[in-house]
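Chains as they are written, first to last, in this note's numbering: chain V, 1 to 286; chain U, 287 to 1313.
Among the hints, erroneous ones may be present.
For each label pair, taking beta carbons as the anchor points, the in silico distance ranges come out as [said to hold, decoys possible]: (1) 518/U - 45/V: 40 to 50 Å; (2) 543/U - 63/V: 14 to 24 Å; (3) 670/U - 129/V: 36 to 46 Å; (4) 216/V - 1196/U: 50 to 60 Å.
Example chain V residues on the side facing chain U (calculated, C-beta under 7 Å, incomplete) [said to hold, decoys possible]: (5) 16; (6) 54; (7) 67; (8) 69; (9) 70; (10) 113; (11) 132; (12) 133; (13) 202; (14) 212; (15) 218; (16) 240; (17) 244; (18) 258; (19) 268.
Read the hints as simulated data drawn from the structure, not as lab findings. Please read all numbers here as calculations on a predicted model, not as lab measurements. For glycine and all other residues, C-beta sits at the position ideal for the given N, C-alpha and C.
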Amino acid sequence: MGYYDYYAPSRPRKVNGGIKAQSPRGAFANRWWAKRWIAVLEGFNIGARLGRGRSYARQGQVLDIQIAPGAVKAQVQGSRPRPYRVRIELQPLSAAQWRKLTTAMAAEARFDAKLLAGEMPTDIEAVFQAEGLALFPKAHDDLKTECSCPDGSNPCKHIAAVYYLLGEAFDQDPFLMFRLRGMERETLLAQLGEAVSDDAGEPPAEPEPLPADPALFWTMPPLRETEAGSRVKPAQSATLLRRLGPFPFWRGEVSPLEGLDPLYAAMGTRALEVLGRVPEHSEPTL
Amino acid sequence: MLVLHAAFHQDRLHLWGESSPEAALAAAPPASPSAYPYRTAISVLRDGLALAGLSLPTSEPTAGESTIWLPTQGDAPLPSSPLVAEPPPSRKSPTLAPWKIPTLALTPADALPLLTAVRARPALAPGVGVSDALRYWSEALQFAGTLVDRQQMLPDLVESQQDVYRACWTPLFLGEDRARLERLARAMPPVARALHTEDHAPPDTAPRDVLRAFLAGMVDHLVRQAAVPPDKTRPAHAHGQWLQALRRPDGRLKGDPAEWRQLAKQIRDWQRPLLRLVNAPYRLCFRLEEPALDEEDPDPLFIPDAEAKWQVHYLLQARDDPSLLVSAAGVWQPAPDTAAGLKTLGPQAREGLLASLGQAAALCPAIEASLRQPAPVGCRLDTAAAFRFLGEDAPVLEQNGFGVFLPARWAGRRQARLTAHAQAKTRFTSKAGMTLDRVLDVRWDIVLGETGLTPEELQALTQLKAPLIRVRGQWVQLSAAEIQAALALQQKSGVALTGRELLRLALGVETVAGLDVSTVHADGPLGELLAGLAQGDQITPLPPPPGLTATLRPYQTRGYAWLDFLTRWGLGACLADDMGLGKTVQTLAWLQRLREAGESRPALLICPTSVVGNWRKEAARFTPQLPVRVHHGAGRDKGETFVWQAQQQAMVLSSYGLLHRDLPALQTVEWAAVILDEAQNIKNAETKQAKAARALRAERRIALTGTPVENNIGDLWSIQEFLNPGFLGHAARFKREFFMPIQVQRDENAMNRLQRLTGPFILRRLKTDRAIIQDLPDKREMKVYCTLTQEQATLYAAVVQQAEAVLEGMEDSMGRRGLILSTLLRLKQVCNHPAQFLADHSPIPGRSGKLARLTDMLEEIQAVDERTLIFTQFAEMGHLLQKYLQEQWAREVLFLHGGLSKTQRDRRVDRFQNEAAGPPVFILSIKAGGTGLNLTRANHVFHFDRWWNPAVENQATDRAFRIGQNRQVEVHKFVCLGTVEERIDELIERKQALAEKIVGNGEGWITELSTDQLKDLFRLRAEAVEE
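Extracted from the complex, chain U is given alone in its bound form:
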């Protein structure tokens, strides 16, 4: 396991790695006993980065040894996390000591791809973890990006080394940025500034200064990305050369250092007035006060006369405490109650206020006029001037770092208050002919806030010179353009739209002629659709179809009704319920109803290979009347046979792998519906399988997923494009309108719009929803049916063959007993993982069906921050799982087994139960961890392999399901289809009441079976294999 760290030192971000001691030793033996025990050679670092698709340019000599100060106990440095090594038991308090480590010094250009790749990911690649320090610099980079976006920097000149000068861009931190800088500096993990050139004292540069240096380097680099390189001719004078160097990739300046020194001084003089204000511990703010109006005014719409008196008050706001505001009057005439506040502002508050007013006066004429008095505290404005202040002056003042406070009852500049209301007239009354492609007549009404405007009132608005009006007690500022657009629209009644366009309008996402659409009203069936969409799963419930053998819980009935509602309208639906809420049964109920309503064409269900068996089993259980066929394996149908076979089915099951490989055949069939299970498999729209999914012909489309789709913008487009093609616009437009604003700029408006647009098509219920909780029992036990990989199947068959050969001739009952039990053991190991069976430390990924399924389920659980216990009867399997999971996610996974001391066990239990951000997964050997421990922090329990004794299993489950647990506990028992595991499981199920008696404490009862019965038990069935 390798953990990457980064610290900023001497204008470079230094990357270094911490490797687990075995790995560190293997790569390079230590040079001396006092060498850093977790040292990671540069070549290993590069390999780790290469795994993530990153390769750093080696143009500059960047690799070297650096000194870093780390917490050290005795003579060994402490590791950063148990992922690297177990921390030694603490005997004395650690102190800081210097260590030499290999580091890679990154220029801003090199650091950029690494820091963007690291964003919000705990692991860069399997086995390569990202530390908090590295993640911190990634966040700092985002801040640098927004500074550049808002153009908060000035051209500058610095002495980078003795007598060597560089043209550079220096960021400025005005207003909010100042506060952000402070907060980000406080969040810096100390290791990020722990590099030092000396080794007799640790570094103590303040975090803020280190952060500033980093940001300056990044801002400089980002700005230059946009520069068009200037032509080659060298300007005659230093000024021109400086300007040119600002636009070149490298800002170095050649020539006489004295000349540059002088230019540096000139630049400082030039920038001084601005910088003084920027660096002051306060800033000037303006507060706009509305004219005093009659509170009892009955008229909701009030248009003030031109002489109404607005006031702008001047205040100073302390930079470090934005709640501290001192009025200008308080600065001119200090009074007892403002004395404390003034002190915070510093001794130069008066001068600063004056200078700021002087600068603001240059931006706003109203302020200029007020400076005629000796001690200005504010200025008066009439309505026209107030309008100008709001519309023109205020944005410029804000952009220049001044604060502008608007009246409390201000509706907000960004809200367009004039909106359009659409009234759609449908030309038909029956539902039959209604599809979304129909064209409708629309009548437009204009609404201001909630008050409708008659054409006469609208006309009156156009007469206003300064459209600043009060509506229902709120001040609203309109633009002339808005008013004109509204007028034009009102006159254009009768504009035709299709139902689909109207739907987009109804979801509040489109504008019409520049106006926002506030409401859409439609009558008839279209109105029903709009009303229904707004309801989500509160929709009128449908009775479950008679052919369904399951009993639906109330929320499941609602989900199935919702699926029916959307698909009936030709709209694609995404059911995104939490794991374990029964998406399978809801989908099957829906399909059953569809068939009972007369649909004769088949439905196609695509799911991950590891889940195909599960679907088949569930369909056989819940909808036994429906013919279901699995399209999978080397012997699957092709061509004409496939088409003919498919048409005999109610549902054809296949996998994502085959979706694009067998696309031609799949495309030939006209499907009643296409259902994608674990739809996040098409989250990348460019993959073959995503394209294949979109190419299928289907009347209805459903996507099932357990992950919160709406949180991943990129994934959302691909899934929606499958469900409702074209609804979100084509990819480039989506990127521009939604992806970039939300993902990169965190634009809240765009987030809300996307939510409104996609909300009606996604139904997601959580186990924690109040409406669901009552419907769920406290403990739910579920079987997870897994398949075997080809390798596992081969090994399994070999074991069985060998056992049967010996069994044939065996008479000795003791020997027979022993053979049966050992065969059972080996078969269990094969079902777990070939590496466990072969005991050969071979690679882990991709060789076990159970492991694949476990990984998927754990990811869903992690996504909602829940915790898990995994029981296994094999300590080797426990080790295997721990190693694999830790490498995949670079997060610690706890493991409790018989080989631990009491202290070690107690510590793990304590950490799991009580540590705030502790490991979310705890693997336990069922013997060592099956009794006595309290692990109620987990609410998921996995039995990776079975003990087959309900008492023993329940006892293990009760580590979580016991007093102190206040959530539902979900128990998942893994069973490999077609193998001995499934057979024994069935046997136990059938003889539930007698199970304990029969099974007892061991598996001895199996040895009582006859040879034929044993052969039947062990035989590997066809459905066991996934491929």
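This is chain V alone, in the form it adopts within the complex:
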């Protein structure tokens, strides 16, 4: 039995309001790029610590994660009173290197399409490799990990927990990976030639003064019967919510989808009941 094989499991202190992985079991990542990220971690031969890391990620032992160009800083609650400090470092790319990459990417529509839709283009690696660069870390050389916990193994379970949560976050937002490599979303899209506005909301409508003519002031034109719209039973409940994807670094006890899906499923019937209910004096009820 080597040093790395002996592993004494310890009980961490309970945390309320920590970052919890939103997938209750199974993979932390569904999309290929996040899977790649996690594969790097799993390439380190750290045995049972991977499993412990996953549990920590699911239980919400990770208190905080900050992603900055070149480094991820996190705090993880272990068995000791004071949380451990975790640091994961990746080599960021220079502005000039990024310029070359974005020029290459701008040549094909699909890079734009995918990125704008919140997805990592499938051939993105080829673009990096053509410049002699890499997006994903290769094990050992590229990646530096540190943790203030007493376990000598590196990566330890705390680093693993943070790593898994990062995978989940990258799954939802590939631009976080770019940030780690030194490039912000807005800058990247601008360099790709896309006009980007941060504001997704609709501008308020032009002001419209009130007419003083009494013939216009009080009346409403006749409305078509079907103006309110007819009922089309949704094919799936909470579709819009599902379309948003997981909330980055969610800290609630249950995920938004889990918490709100029952409400989505019930709201239609209930609303119609409430609207169909009329007070005694107006319509006869069946």
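We have chain V already, so just place chain U on it with the hints.
Just chain U now, kept in the frame of chain V:
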């Protein structure tokens, strides 16, 4: 008169009232000369709402004063409608000025019951009118309801006040909803956004923004109605607390505002990709193109091979102009002819197209594959992929706001194209044994569109992996379940059904084993029934019975034959002809025939009290051979006597009031038929009289009504349940299958199904039907026989008694003359209304038989949008009628009398004749309005009281019946049974030719009668009184 208004301001719907100036003054004297003259105190508002059964919770301090900007002339604000006050003659153009008014601020929870009560009703309660503004918000609420039904909202976080945050649900407007929002915003009456906090400039927030704020509040409230309140434990972190607050009735969040600010930012980042697409001025659409096929294909049934090439094209559709479509190719490579279109889509069309494609790719694998190219314009599919696209991908894409256009020759996803055809074999040939409860053998054939399928072909369909086939040039998509069901059914031939079940199938309403039934064929008498039902009143006519003294018009003969046909089969029938087409005579003809055919049991006819006299009179006139008895009044028969008496009659007349009070006695008799006149009196199935009607024992049932029954879903069930018990299913099932889908969701399929199911049992002809018009003369005069209320009868008797006492001893001829004329006048007033006679401004409703009848008839006329003139010789009666009708319906009623100036008269005439949505009823004093005016917009004329000079009456009627009138004119002359009115009317009728000579211009001829003749004239007969 009180008119309710509502405006939306600062997240609350503010309710306020406009009262006529006298009422406003009476309630509270104005605080200053510049106070709003129509101000309505909050307490009065609450009283008005209470009249309608609404009480608003007073938990929040909601009452207050608000500033509203209104069109003002000089220094007085203009009223919203003449119901409140007469607008001053316009001298200069009005401007907007601020006014302080008392308002009630309603939370969404408070507003909800009010807005649902207001729906499609002009008056909330007598004297409480609903303005367009209030009705508008009611429509907006319906829109909010459908948004919630389709789950078009996302959880959100807003700063409701400085540093105070709330979890809320924000609606999203995707696709069609966007267009609806715009249309609804454009329809907003400006007063609905006229509240403002400042008083130096009027508000100018765009209607769309005001509407959005209202919808957001309502959607938020409606969503929370479905939430199960979370448990009390407070989650540790802001995220969990936010989630919990979304499910609590109150979404307020406590704690550090900085934390909530940060969460708000995180939520925005999370939702940004979706919102960007939602708020773009365009959306991505997919157009499916079918493979090019040989047009000349003789084979009606074509099953494409697996390699057939289907195409999906990508397009951008402009949000504000759905007809503007730019193909993806046009976006990648702008060309001269698409340049204009591209401009409308905005500068970010390319990015938007890409982002949308990226999102759609996540939903549909075929689209994903097409993104490998640099500038994708579409994708190719084989038949199996096309099937998957149609069945699975397209609905999901549509639900996510993308547009999906299917090929022109697409039969439609919702139509089940595999249908079953039933062939019923009857076991008997004679009509005698045929009732609908008999069980029949049925053979099932499977039909695809119009082509029959042999079992082998059906088998072949099951082998298809992708059942997408072309039948007679139309593409049809079948489901595996459908095919299996069809196969199973075909093998199960010989299934037995009762005639009644087969009838339901024939009406196209049931499904068999999951398949729609397309046609039902039956031979023998059952086949005749099915054919007959389909014909309506084109049925083989019957000769009118010899005992009928009236001459039936052709359409009436058809109606009577139809009644006979349905009732012979044991089916209940509803005759819903327009008012004035002669439902009475058709029913009497039917009854006469029934008696002549040998029926000896009596028929029971139930009608409103005010019409009992009319029926008796008509029966005596048209079917004099039939013994008819009125069951009414304190001295009516009871118990055994009643049963014995009833059995001697051909028809017993009674009222709805007595239907449930005397039910035990009525139930004892086995009636040949029960006929309900004005059947809308049982429209509410839960009332005692509706239940009583259903409890009677009768072999045949008929319902008569003048209102379009099929438009009121709730009423329809109750009437049908009386006519054909069980046919529409029990109440809960009906509510689920038809009432909720039609009334609330406006489901067209359910509407059509209900139509098919009830259509054969309702016969409705309109005066405007081509087939009827020829049968009707241009002007029809009808007498409306009314009764007196108890109060009227007492007053009448008192007047007569007093007059006779004086008359006895009177010798002086001048004095005698004067007394007779004044007595006549007073009797006329009593017959009109006690309040007119007593001149005491006492309450109006419920005290006059004529008024009750007038109200009912006016409602029927209003229901078909026709217009009316009402003549009376008394100005006081005119005022009374105007006040009463305006309060009942909250709609303006015009009144022309001698006290008006020429300008005022001309204005009223002009408004009646020319104003688009002007008042539909015009009351005229016969002296002032009986000559010279042109009022051809009306086609109903009422003579509420009579002048008894045909020339004078005709001249009045001719206000409507003259050149320029292109519809039939109906003249209704009111006569109170058993009173002097009826006697004089009879006299004039008898001496028609001499009438003018005798009657002359006044009533002087009456004074020539002897005392005995006068006593006879004045005496009140028993039938005068209704109760």
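Which numbered hints does this structure break?
4, 6, 7, 8, 9, 11, 12 and 18
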